[in-house]
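Protein chains in written order, with this note's numbering: chain A, 1 to 104; chain B, 105 to 260.
It is worth saying that the hints were derived from the structure and are not from the lab. A portion of the hints provided could be inaccurate.
Once the Cα atoms are required to be at most 30 Å apart in a straight line, the calculated BS3-like pairs of lysine-lysine come out as [claimed, not checked]: (1) B/K157 with A/K41; (2) A/K4 with B/K249; (3) A/K3 with B/K142; (4) B/K142 with A/K77; (5) A/K3 with B/K249; (6) B/K108 with A/K80; (7) B/K116 with A/K77; (8) B/K157 with B/K142; (9) B/K249 with A/K51; (10) B/K108 with B/K249; (11) A/K80 with B/K142; (12) A/K6 with B/K249; (13) B/K108 with A/K4; (14) A/K41 with A/K80.
Pulled from the structure, derived: some chain A residues nowhere near chain B, Cβ distances all over 10 Å [unchecked claim]: (15) V14; (16) A25; (17) P43; (18) P47; (19) D67; (20) M73; (21) D85; (22) E96.
Remember, it's a predicted structure, so these values are computed and weren't measured experimentally. For each residue, glycine too, the CB sits at the ideal point set by N, CA and C.
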Amino acid sequence: MSKKIKFLALFFLVSSAFFYAALSASSFVSESSRLIEVCAKGPVYVPLATKFVKCYGVIRRVIRFSDVLTLGMEDCKCPKCCGGDCYVPVLTEMGEIRILWMSC
Amino acid sequence: MKEKILSFFNHKLVQLSARLFLGGVFIYASIDKIAYPKEFASIVTRYQILPEKLAIYFAFLLPWLELFLGIFLILGLFVRESAISLSFLVLIFMIAIAIRSLAGPIGNCGCFRITSSGTPQSIAFLIFRDILFLLCGLILALTNKAKKLPVSFLSR
Numbered sequence: 001m002s003k004k005i006k007f008l009a010l011f012f013l014v015s016s017a018f019f020y021a022a023l024s025a026s027s028f029v030s031e032s033s034r035l036i037e038v039c040a041k042g043p044v045y046v047p048l049a050t051k052f053v054k055c056y057g058v059i060r061r062v063i064r065f066s067d068v069l070t071l072g073m074e075d076c077k078c079p080k081c082c083g084g085d086c087y088v089p090v091l092t093e094m095g096e097i098r099i100l101w102m103s104c
Numbered sequence: 105m106k107e108k109i110l111s112f113f114n115h116k117l118v119q120l121s122a123r124l125f126l127g128g129v130f131i132y133a134s135i136d137k138i139a140y141p142k143e144f145a146s147i148v149t150r151y152q153i154l155p156e157k158l159a160i161y162f163a164f165l166l167p168w169l170e171l172f173l174g175i176f177l178i179l180g181l182f183v184r185e186s187a188i189s190l191s192f193l194v195l196i197f198m199i200a201i202a203i204r205s206l207a208g209p210i211g212n213c214g215c216f217r218i219t220s221s222g223t224p225q226s227i228a229f230l231i232f233r234d235i236l237f238l239l240c241g242l243i244l245a246l247t248n249k250a251k252k253l254p255v256s257f258l259s260r
């Protein structure tokens with residue numbers, strides 16, 4: 001295979017990867033505008049299957065939902081962080097209040 | 105003295121080690137980001153340096169850039185160009201980490217592992233690590249000559 005063909009094949013491969021990445025990014029951009037804001041207001045409804053939320057307008061990854069707040073963790077309420085995580089109380093299915101932990 | 109240093113950095117073994125090290129680091133760094141692009145995008149938006157949409161596009165494209173540049177370095181393709189690009193990226197990371205650190209401790213910096221919840225990392229360690237990568241990149245960039253692209257219309 002000539003150098004020129006190898007180079008063009010490489011160029012095509014790289015371009016395809018970037019094109020795929022750009023497409024995925026644009027779908028996440030539209031998804032991000034629909035994310036639930038959990039920090040600015042009081043407890044809001046968040047389905048348990050939620051993977052991402054917004055806290056004061058910033059996208060955060062949901063780490064877990066817990067039933068109760070462990071003792072000593074009261075100070076970790078967002079925007080304050082403890083060990084890379086923070087929490088907010090949210091309403092989940094059946095109107096239960098749960099603790100949503102997200103990454104900082 | 106200057107010639108001795110230059111000949112040391114031009115040595116085949118030093119060049120190969122630098123290429124394998126820097127290339128390997130960036131390929132390793134890209135894997136988790138490619139596997140979990142949304143999680144990485146959420147980390148990049150938390151830096152609050154770029155507008156949200158731009159940060160998302162950056163987060164989705166960056167890992168592929170890291171991967172390809174890492175592969176190029178390891179294979180010895182476009183070594184100078186790849187090294188310059190990676191050095192520029194490292195410089196951007198250093199500035200981003202410095203700016204983000206002003207707002208408080210960094211949880212997961214998004215450097216390598218994306219899904220770990222992120223025990224806060226020391227800024228000094230992150231900057232020191234990036235300086236090491238930058239030096240490696242600069243050595244490769246300064247000791248390798250630019251090559252003509254095989255496709256003439258692109259090399260003009």
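| Going straight from one Cα to the other, do B/K249 and A/K51 come out at no more than 30 Å? | Judged against 30 Å, a Cα distance of about 47 Å means the pair is violated.
| query | Under the criterion that the straight-line Cα-Cα distance not exceed 30 Å, is the pair A/K3, B/K249 satisfied? | reply | The hint holds at about 19 Å.
| query | Is the hinted pair A/K3 and B/K142 satisfied, with a Cα-Cα distance of at most 30 Å? | reply | 37 Å, violated
| field | Separation of A/V14 from chain B, once the least beta-carbon distance is taken, above 10 Å | value | Nearest chain B Cβ is 6 Å from A/V14, so the label is violated.
| message | Does A/K77 sit within 30 Å of B/K116, going by the straight-line distance between their CA atoms? | response | The hint is violated at about 54 Å.
| query | Does the structure keep B/K108 and A/K80 at a Cα separation of 30 Å or less? | reply | 53 Å, violated
| query | Per the stated criterion, does the least C-beta distance between A/M73 and chain B lie above 10 Å, as a non-interface residue requires? | reply | With a cut-off of 10 Å, A/M73 remains clear of chain B, as the shortest Cβ separation is near 14 Å.
| task | Mind verifying the non-interface call on A/E96? Its CB should be farther than 10 Å from each CB in chain B. | result | 24 Å, holds
| Can we trust that A/D67 is non-interface, i.e. its beta-carbon lies farther than 10 Å from all of chain B? | 19 Å, holds
| Given the hint that A/K6 pairs with B/K249, does the C-alpha gap stay at or below 30 Å? | 21 Å, holds
| message | Holds or violated: B/K142 and A/K77, Cα atoms, limit 30 Å. | response | At roughly 24 Å apart (the allowed maximum being 30 Å), A/K77 and B/K142 satisfy the hint.
| Does A/K80 pair with B/K142 here, judged by a C-alpha cut-off of 30 Å? | Within the cut-off at roughly 23 Å; holds.
In terms of the numbered hints stated before, the structure departs from hints 3, 6, 7, 9, 13, 15, 16, 21, listed from lowest to highest.
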